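Participant: Join the two chains, each given in its own frame, into one complex according to the hints.
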Amino acid sequence: MIKRSIFRSKTLPYFLILPQILVTVTFFYWPAVQGLAQSLMRSDPFGHRNTFVWLDNFITLFTDPLYLKSIGITLIFSLFTAFVAISFGLFIATMANRALKAKPLIRTMLIWPYAVAPAVSGMLWLFLLHPSYGVVAIALKNWFGVDWNPVLEGGDAMIMVIIASAWREVSYNFIFFLAGMQAIPKSLIEAAAMDGASPFRRFWKITFPLLSPTLFFVMVMNIIYTFFDTFGVIHTVTQGGPGGATNILVYKVYQDGFIGLNLGSSAAQSIVLMTLIISITVVQFKYVERKVQYAG
Amino acid sequence: MVEKTPILDTLTYLFLMLGIVVVGFPIIYTIIAATLPIEEVSKVPMPLIPGDQFWVNIQEAWTRGDLGTQLFNSFIMAAGITFGKIVVSMIGAFSIVYFDYRFRTVAFVAVFCTLMLPVEVRILPTYEMAANLFGPLQPVWDALHLNGLVSWIAGHEIEVALEWSLLDSYTGLILPLVASATCTFLFRQFFLTVPEELCEAAKMDGASAMTFLRKILLPLSKTNIAALVVIEFVYGWNQYLWPLLITTNPKMTTAIIGLQHLIPSPEDVPEWNIALAGALIVMLPPILVVLFMQRWFVKGLVDPEK
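Chains A and B supply the protein sequences, listed in that same order.
Oh and the first sequence: position 165 is 165 in the working numbering, straight run, nothing missing.
Oh and the second sequence: position 29 is 29 in the working numbering, straight run, nothing missing.
So here's chain B without its partners, still in its complex pose (with noise of 0.2 Å):
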C-alpha cells in the first residue's frame, strides 16, 4: 500500500485466498453433492469428483418438493415486500419530511419504534390477528348488540361472527411486512438532503405535492430504490418464520420452508443429493441479485448505518 512488503503482500493473498476457499466450500460441496447418484454421496467420504446426475436431482428435487408454485409464491411474497415496503415507507417519509401537521412527530415515533418489535417477539398474537383481522372488533361488534339489530332487519335470528383470515394467502405473507422502520428512516434521510430550492421551484411552476413527488423526488431517488430493491428482494425471499406459522397449505408455503421437507430424516434414505440440489435451486435467485446488483447491495445495507 504504502511501502513495499512483498512478504506481506504474499501472505495477504494467501490468506485470502484460504478465506475466499473456507466461505465458500459449503457451496462447492453442495454443488458435487448435487451431481452425484444416491450410491456415490452416502459413501463414507464422498467422492469429491462431481458425477453426470446433476439434471436428474434437480428435476427429481423440483417435482418432489413441488418446488415450482413455491418459488412462484417466493417469488410474489419477495416482490409484494419489497414494492410493499418501498411504496407505503416513500410516501409516509414524503408525509414526515414535506408537511406540517398535528401528528407527525408522533407518526414518525410510532414508525420508527417498530424497530424494536421483531416478528420473533409477538408471534401468536400477531399469528392471531393475521387469523382474524376483524378479531379486535368482535368485542365491539358484541357489546353494541348489533346482532340483535341485524337479527331485526333480516326479520329472523342471526349469529355474525366478524372474519377475515389471512392465513395461507399471498396477502397475509406479504402484508404484516410491509411496514418498515428503516426504509421510511433511508427516505427522510435522503428527502432532508434534497435542496430546498427544488420544491421552491415546483410550487412555483404550479405544481402540486403529488406531482413533486412524482416528477421529482422519485426520478432523485433512483438509487435509493435501486438498493432497497435488492435488500427487501433478500429479506423477503429469506424469512422463514413468518410463512412457517401463517401457511399450512404446502400450496401456499414458499420454497425456503417447502425445502425442508426434502431433508433426510434419520429412518430415510439418506437423499442428500436431491435435497442439496433443492437447496441449490432455492438459494439461486437472491444470490443472482446480490451478485448482479452487487453496488446497489453495499449501497443498501451501509447507507442507512449513516
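Isolated chain A, as found in the complex (with noise of 0.2 Å):
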C-alpha cells in the first residue's frame, strides 16, 4: 500500500531504505545464504576445502538418533511450556478482568516478569528449585517425599526448565488476554447476562470464542518463545543436560556449531529451524486473513 499523495524524488527514497537492507543484507540474509550453501557441503578437518556432499549432512542428521531425541525434548518442552503459561495467563486474565477495583495495581503486580530477561529467570528459578538450598525443592521432599535432583534426574531438570520459562511468558500471556477480554463488547456480556448465563457460561460461549485469534497469537508466540528465546534459561540452569536431558534443538546447534565447531551439522540443523520458523510464520499469517469473520 502507498499514499495518494506522495513525494518525488529520483534518490532520496533509496537513501532512506539503505540502512535497513544493508543491515538485513549484511547479517540476515548473507549468512542465511552461506548457512544454505554450508549445509551443503562438508569441511576437511583443517577447513581448507569443502566438498559438495549434496544432502549428506541432513541423511546424518535425521538418522542420529540424538538428534531425533533433541526434537521429541524440544517438543515436550515447548508443548508444556506453551500450555502451563498460557493456562495461567488466561486464568489469571479472567480474573483481573473480574476485578471491580484496583484493576491498575494488579496489572502491574503481574506484568513485571517480563522484563526479567530468560537467563536471569533461569538463576532464580535455579536457586529456587537447587536440589540442597531450594526451598522449593525441600517443601518437595519434606511435605511430598519426592526425591527432586535435576542435576542427576533429566525428568526433573526438564520440569526445571518448565518452570523457568514458562514463569515469565505468563506475563506476556496475561497482557495479551487481558487487551483481548478488554476489547470485547461489555454489551454482549449483558446481553447474556439478561437471558440468564451464568459467568462460566457466559465465559465459554462469549468471551472465549471471541478471544480465539488472540489465544492463536499467543501460542504461535509461544511456541516460537519456547523454541529460540530460551536458549538463555537452558544456558544458564542446566546447558542441555543432564545426559542432553533438556538439550532442545537450538541449544544443540549452538553447542554442535559453536563450541564443537561441526560446521556441516551446525548448518543443516540451522536449516531445519529455518524451514521450522518459516512453517510458523507462513500458517500465522495465512490465519490472519481469515481472522475477520471471529473479530467482525
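Warning: the hint list may mix true and false statements.
As the list claims (entries may be wrong) - Simulated crosslink set (DSS-like; lysine-lysine; CA at most 30 Å straight-line): (1) A:Lys-3 <-> A:Lys-286; (2) A:Lys-103 <-> A:Lys-205; (3) B:Lys-222 <-> A:Lys-103; (4) A:Lys-103 <-> A:Lys-186; (5) A:Lys-205 <-> B:Lys-4; (6) A:Lys-286 <-> B:Lys-299; (7) B:Lys-4 <-> A:Lys-103; (8) A:Lys-205 <-> B:Lys-299; (9) A:Lys-3 <-> B:Lys-299; (10) A:Lys-103 <-> B:Lys-299; (11) A:Lys-205 <-> A:Lys-101; (12) A:Lys-3 <-> B:Lys-203; (13) B:Lys-299 <-> A:Lys-101; (14) B:Lys-43 <-> A:Lys-141; (15) B:Lys-4 <-> A:Lys-186; (16) B:Lys-203 <-> B:Lys-215; (17) B:Lys-215 <-> B:Lys-299; (18) A:Lys-3 <-> B:Lys-222; (19) A:Lys-101 <-> B:Lys-4; (20) B:Lys-299 <-> A:Lys-10; (21) B:Lys-222 <-> A:Lys-10; (22) A:Lys-186 <-> B:Lys-299; (23) A:Lys-101 <-> A:Lys-186; (24) B:Lys-299 <-> B:Lys-222; (25) B:Lys-215 <-> A:Lys-3; (26) B:Lys-203 <-> A:Lys-10; (27) B:Lys-222 <-> B:Lys-203; (28) A:Lys-286 <-> A:Lys-205; (29) A:Lys-205 <-> A:Lys-186.
Unchecked claim - Over the 12 Å line for every Cβ pair with chain A, so calculated as not near, a few chain B residues: (30) Gln-53; (31) Gly-68; (32) Leu-144; (33) Leu-149; (34) Ile-225.
These are computed hints drawn from the structure, not numbers from a lab.
Bear in mind that the values here come from a model prediction, so they are computed numbers and not experimental data.
Quick reminder that beta carbons are idealized off the backbone N, C-alpha and C, glycines included.
Facilitator: Have a look at this one:
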C-alpha cells in the first residue's frame, strides 16, 4: 500500500531504505545463504577444502539418534511450557478482568516478570529448585516425599526449565489476554447475562470464542519463544544436561556448531530450524487473513 | 460485573492474590536471599526473615562481577539498539509509504522476511560475518588479482587481507540487531492512517520530504515511539545469545552474561546471596522501565498484533 499523495525524488527513497537493507543483507540474508551453502558441504578437518555432498548432512542428521531425541525433547518442552504459560495467563487475566477495584495495581503486579531476561529467570529458579538449598525442592522432599534432583534426573531438569521458561511468559500472555478481553463489547456480556447465562457459561460461550484470535496469536508467539528465546534459560540452568535431557534444538545448534565446530551438521540444523520458523510464520499470516470472521 | 455474585467475587480476589504471590514468589525470595550472610543462605531451609547484609552483598556482587562496566555496556547496547531500530525503521517505513519507486515492494518484503530469520537459526554464519565484515569481499579481491596491483603500486610484495572485525565492540553488539521487521511494520501501519491532507498541505506550503518527516510525522509518531522505546530497551537489555557469541573480553560483555559467572558451581562455596544480589541489580533497569512506562509498554506489545 502507498499514499495517494506522495513525494517525488529519484534518489531520496533509496537513501532512506538503504540502512535497513544494508543491515538485513549483511547480517540476515548473507549468513542465511552461507548457512544454506554450508549445509550442503563437508569441510575437511583443517577447513581448507569444502566438498559438495548434497543432502548428506541432513541424512546424517535425521539418522542421528541424538538429534531425533533432541526433536522429541524440544516438542515436550515447548508444548508443556506453552500450555502452562497459556492456561495460567488466561486464568489470571480472566480473574483480573472480573476484578472491579484496583485493576491498575493488579496489572502492575502481574506484568513485571516479562522484563526479566530468560537467563536471569533461569538463575532465580535454579536457586529455588536447587536440590540442596532450594526452598521448593526442600518443600517437595519434606511434604510430598519427592526425591527431587534436577542435577542427576533428566525429568526433574526438564520440569525445572519448563517452570523457569513459563514463569516469564505468563506475564506476556496475561497482557494479551487482558487486552483481548477488554476489547470485547460489554453489551454482549450484558445481553447474555439478561438471558440468564451464568458467568461460567458466558466465559465459555462468549469470551472464549471471541478471544480465539488472541489465543491463536499467543500460541504462535509462545511456540516461537520456547523454540528460540529459551536459549538463555537452558544455558544458565542445565547446559542441555543431564545427559542431554534438556538439549533442545536451538541449544544443540549452538553446542555442535559454536562449541563443537561441526560446521556441516550445525548448518543443516540451522536450516531445519529456519524451515520450521518459516512454516510457523506462513501459517500465522494465513490465519490472520481469516481472523476477520471471528473479530467481525 | 453484571449481576451480584458475592461468592464468585471473593473467589476472584482470592485467586488473584494467589496468582500475584505465585508470580512474585521468586523475586521475594531472591530479595530475602540477597540480604542474608553466607551461613544463613546455605542453611536448609533458608530463613524467610530478611537479614542485614543487603548492602554488603550488593557491593560484593558489584566488585566481583565487575558489574559497573558491564551495566554500562548493557546500557549502551540497549540504548543503541533502541535508537538504531527506531531511526532505521522510521525512515525505512517513510520511504516505503511516501515514495513510489521500482524496488519499493521488494524492499518491504525483504525487510519483512527477516521475521523468519532470528539469530538463533544462523548462529555460525552471522558470527563469521561479524568476525570479519570484509570476509565476503576477499574472494572478489583475490579474483581481481588486486594484490598484484597493490604490490606494483607500492613497489614491493604486499599481501592484503581485508579485515574489519566487530567482535568485542559496541558496533558488533548493536549493528546486527538494528534491523527490525516489527518496528518497520508498525511505522508503516501508522503512516498509512495519517490523513492524506496533511501531506498535501505540507507539499502546498513547499515543504520537502524530509521537512514533512521531521515537522509532521515525527511529532505525530510520539506515542508509537514511546511504546517502541520501552519494548526495544527491554529487548536490548535482555539479549543473551548474541553478546555470548561475539564478546570474549569480560570488559566488553553485558551484565546478563557477566552475571552467569556469579552462579556458584557445585564445588564452590554456595554464595547464592552474592549471586542473587547481582541478579537483582541486573534485572532492576528493565523492570523499572516496564513499571514506570507501563502504558507504553502494553501499547507497544499489543499494537503490532493488530
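Participant: Take the hints in turn and mark each one as holding or not.
Facilitator: Hints, one by one, checked against the model:
Between Lys-3 (chain A) and Lys-286 (chain A) the alpha-carbon distance is near 25 Å, which keeps this suggested pair within the 30 Å criterion. Distance hint between Lys-103 (chain A) and Lys-205 (chain A) is fulfilled; the C-alpha atoms sit about 24 Å from each other, no more than 30 Å. A hinted pair counts as satisfied when its Cα atoms are at most 30 Å apart, and Lys-222 (chain B) with Lys-103 (chain A) qualifies at roughly 26 Å. Taking the CA atoms of Lys-103 (chain A) and Lys-186 (chain A), the gap is about 17 Å. The hint holds against a cut of 30 Å.
A threshold of 30 Å between alpha carbons decides the hint, and for Lys-205 (chain A) with Lys-4 (chain B) the separation of about 20 Å falls inside it, so the pair holds. A C-alpha spacing of about 24 Å is found between Lys-286 (chain A) and Lys-299 (chain B), which places the hinted pair at or below 30 Å, so the restraint holds. With a C-alpha separation of about 19 Å, the suggested pair Lys-4 (chain B) and Lys-103 (chain A) falls inside the 30 Å cut-off, and the hint holds. For the given pair, Lys-205 (chain A) sits about 28 Å from Lys-299 (chain B) by alpha-carbon distance, which is consistent with the 30 Å threshold.
This hinted pair checks out: Lys-3 (chain A) and Lys-299 (chain B) have alpha carbons roughly 25 Å apart, not beyond 30 Å. Straight-line distance between C-alpha atoms of Lys-103 (chain A) and Lys-299 (chain B) comes to about 17 Å, which keeps the hinted pair within the 30 Å bound. A hinted pair counts as satisfied when its Cα atoms are at most 30 Å apart, and Lys-205 (chain A) with Lys-101 (chain A) qualifies at roughly 25 Å. Restraint check: the Cα-Cα separation between Lys-3 (chain A) and Lys-203 (chain B) comes to about 14 Å, which is no more than 30 Å; the hinted pair holds.
The straight-line distance between the Cα atoms of Lys-299 (chain B) and Lys-101 (chain A) is roughly 22 Å, inside the 30 Å bound, and the hint therefore holds. Restraint check: the Cα-Cα separation between Lys-43 (chain B) and Lys-141 (chain A) comes to about 16 Å, which is no more than 30 Å; the hinted pair holds. For the given pair, Lys-4 (chain B) sits about 16 Å from Lys-186 (chain A) by alpha-carbon distance, which is consistent with the 30 Å threshold. Taking the CA atoms of Lys-203 (chain B) and Lys-215 (chain B), the gap is near 12 Å; set against the 30 Å cutoff, the hint holds.
Distance hint between Lys-215 (chain B) and Lys-299 (chain B) is fulfilled; the C-alpha atoms sit about 24 Å from each other, no more than 30 Å. Restraint check for Lys-3 (chain A) and Lys-222 (chain B): the C-alpha separation of about 21 Å stays at or below 30 Å, so the hint holds. With a C-alpha separation of about 15 Å, the suggested pairing of Lys-101 (chain A) with Lys-4 (chain B) holds against the 30 Å cut-off. Annotation: proposed proximity of Lys-299 (chain B) to Lys-10 (chain A) is violated, straight-line Cα distance about 36 Å (limit 30 Å).
Distance restraint check for Lys-222 (chain B) and Lys-10 (chain A): the Cα-Cα separation of roughly 29 Å lies within the 30 Å cut-off, and the hinted pair is therefore satisfied. The straight-line distance between the Cα atoms of Lys-186 (chain A) and Lys-299 (chain B) is roughly 21 Å, inside the 30 Å bound, and the hint therefore holds. Taking the CA atoms of Lys-101 (chain A) and Lys-186 (chain A), the gap is about 17 Å. The hint holds against a cut of 30 Å. With a CA separation close to 13 Å, the supplied pair Lys-299 (chain B) and Lys-222 (chain B) stays within the 30 Å bound.
Using a Cα cut-off of 30 Å, the hinted pair Lys-215 (chain B) and Lys-3 (chain A) holds, with the two alpha carbons roughly 18 Å apart. The suggested pairing of Lys-203 (chain B) with Lys-10 (chain A) holds, with an alpha-carbon distance near 17 Å, which does not exceed 30 Å. With a CA separation close to 22 Å, the supplied pair Lys-222 (chain B) and Lys-203 (chain B) stays within the 30 Å bound. A C-alpha spacing of about 25 Å is found between Lys-286 (chain A) and Lys-205 (chain A), which places the hinted pair at or below 30 Å, so the restraint holds.
The suggested pairing of Lys-205 (chain A) with Lys-186 (chain A) holds, with an alpha-carbon distance near 14 Å, which does not exceed 30 Å. Every C-beta of chain A lies more than 12 Å from that of Gln-53 (chain B), the closest at about 16 Å, which supports listing it as non-interface. Taking the minimum C-beta to C-beta distance to chain A, about 18 Å, the non-interface status of Gly-68 (chain B) holds against the 12 Å cut. Against chain A, the non-interface label of Leu-144 (chain B) holds: every CB pair exceeds 12 Å, the least being about 20 Å.
At roughly 26 Å from the closest C-beta of chain A, the C-beta of Leu-149 (chain B) stays outside 12 Å, upholding its exclusion from the interface. At roughly 17 Å, the least C-beta separation between Ile-225 (chain B) and chain A is larger than 12 Å, which holds for a residue marked as non-interface.
Hint check: a violation occurs at hint 20 only; the rest are consistent with the structure.
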